[in-house]
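There are 2 protein chains.
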Amino acid sequence: MKQAPLSSSAEDESTALRKNAANENLDFGILANRIGFHLRLAQAASFQAFRDEAREIDLSPGRFATLMLIGRNPGISQTTLAAANGRDKSTLTPILEDLEKRGFVKREKMKSDRRSYQLTLTENGRKKLAELTACAKRHDENLDRIVGPKDRAKFLKILQKIAAEVGHKE
Amino acid sequence: MKQAPLSSSAEDESTALRKNAANENLDFGILANRIGFHLRLAQAASFQAFRDEAREIDLSPGRFATLMLIGRNPGISQTTLAAANGRDKSTLTPILEDLEKRGFVKREKMKSDRRSYQLTLTENGRKKLAELTACAKRHDENLDRIVGPKDRAKFLKILQKIAAEVGHKE
DNA sequence: GCAAAATGGTTTTGTACCCAACTAATTTAC
DNA sequence: GTAAATTAGTTGGGTACAAAACCATTTTGC
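If you read the protein sequences in the order shown, they are chains A and B.
Per numbering that gives the first Met the number 0, residue 0 is the first one in the first sequence, and the count goes up by one each step.
Per numbering that gives the first Met the number 0, residue 0 is the first one in the second sequence, and the count goes up by one each step.
Keep in mind that the hints were calculated from the coordinates and are not lab data.
Some hints here could point you the wrong way.
Note that identical chains are pooled: a pair holds if it fits in a single copy or bridges any two copies.
[Unchecked claim] Each computed BS3-like pair below joins lysine-lysine, with the alpha-carbon atoms no more than 27 angstroms apart:
(1) Lys160 with Lys136
(2) Lys88 with Lys153
(3) Lys108 with Lys136
(4) Lys153 with Lys136
(5) Lys105 with Lys156
(6) Lys156 with Lys110
(7) Lys153 with Lys105
(8) Lys136 with Lys156
(9) Lys149 with Lys126
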């Protein structure tokens, strides 16, 4: 008696039985159609793939965005940085501490406002960023292949729209 | 109104000035065009929005998928469940422990294989799932509005494609 | 039949993250 | 000018997750 006491009448049991067989015949219910759910699955998969790709570089995917943003916006503050890549500022504290300790990032108190730091890359940081950029390119080529060149722009636009609008509606 | 009254005289150019002004004039470099990056931002925003929406229900978004999958696939094992929603099985251990303790999920050793559990919802679990489903519907309506009905199906398909294909490229 | 491999779950360890409370510096309000 | 509010960053508490090492129970090989 494996299972499937539910709806044994209306549904065919053969599919229900197979559900436990550890393969793909699962009923996802409303999830099958939920954008949020698939967004999470896709993100997790992409994240994992990037990490594998960048394993040799020894810098997690989260750090990549951090380095890039500092590199392109020298003097940026931690708060601005946090907002730009969608994380809480407290999340950045240990990350920057680490990046500084490893010699990729320099933090200097601003003259005009001694509360905040000006973040810049060191020469080493720039080198690391270049490595990571190459790595990210490989990764994105892979994603591009999956998404397809025709839909890429549109897809990207929708993602940005979600990030910008969900939450603060109205 | 914020402004940028920093460094009236010194070293910075006008662009540099604006970068610290906490607004959107940042240079995202290659990130601006990276699917992985925007996937992360969109996911984080959506996740956050869902959590806010479901705050009154006192069950995190991650648990929703768990309950749904158990509800639709009674007798499912933890390993299958983990695979179905893209998490490691070890992640589920504390979650299921909690859900069981709260009386939403029942875990029974299988007769045929005493290593694995058969997971089912309790009556209470079914009630909770119904609540959460309503909540998820609201949330997804919001997302649907943002994505737009015309692109929804396509968008969803691409997300699924990413989850399925990235990583184990063939 | 029994050692070895495989499998379901748990434990342990470590990372990434958020939030709320906090410190220090700066702005505002009066 | 000083008290109150605001802002940049840190700290502490807690959740969610993965990876690897680990039991216990099958399953497989011979």
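Verification of the supplied hints:
When the C-alpha separation of Lys160 and Lys136 is checked against a cutoff of 27 angstroms, the pair qualifies both within a copy, at 23 angstroms, and between copies, at 19 angstroms. In the homo-oligomer, the alpha carbons of Lys88 and Lys153 never lie at most 27 angstroms apart, since the shortest distance is 30 angstroms inside one protomer and 35 angstroms across protomers. With identical chains, the CA atoms of Lys108 and Lys136 are never at most 27 angstroms apart, being 34 angstroms at best within one copy and 47 angstroms at best between copies. Both within a single protomer and between protomers do Lys153 and Lys136 lie at most 27 angstroms apart by alpha-carbon distance, with minima of 19 angstroms and 25 angstroms respectively.
With identical chains, the CA atoms of Lys105 and Lys156 are never at most 27 angstroms apart, being 33 angstroms at best within one copy and 43 angstroms at best between copies. Neither within a single protomer nor between protomers do Lys156 and Lys110 lie at most 27 angstroms apart by alpha-carbon distance, with minima of 39 angstroms and 51 angstroms respectively. For the identical chains of this complex, Lys153 and Lys105 are neighbours neither inside a copy (37 angstroms) nor across copies (44 angstroms), given an alpha-carbon limit of 27 angstroms. For the identical chains of this complex, Lys136 and Lys156 are neighbours both inside a copy (19 angstroms) and across copies (23 angstroms), given an alpha-carbon limit of 27 angstroms.
Proximity of Lys149 to Lys126 under the C-alpha cut-off of 27 angstroms is found in neither arrangement, the shortest distances being 33 angstroms within a copy and 44 angstroms between copies.
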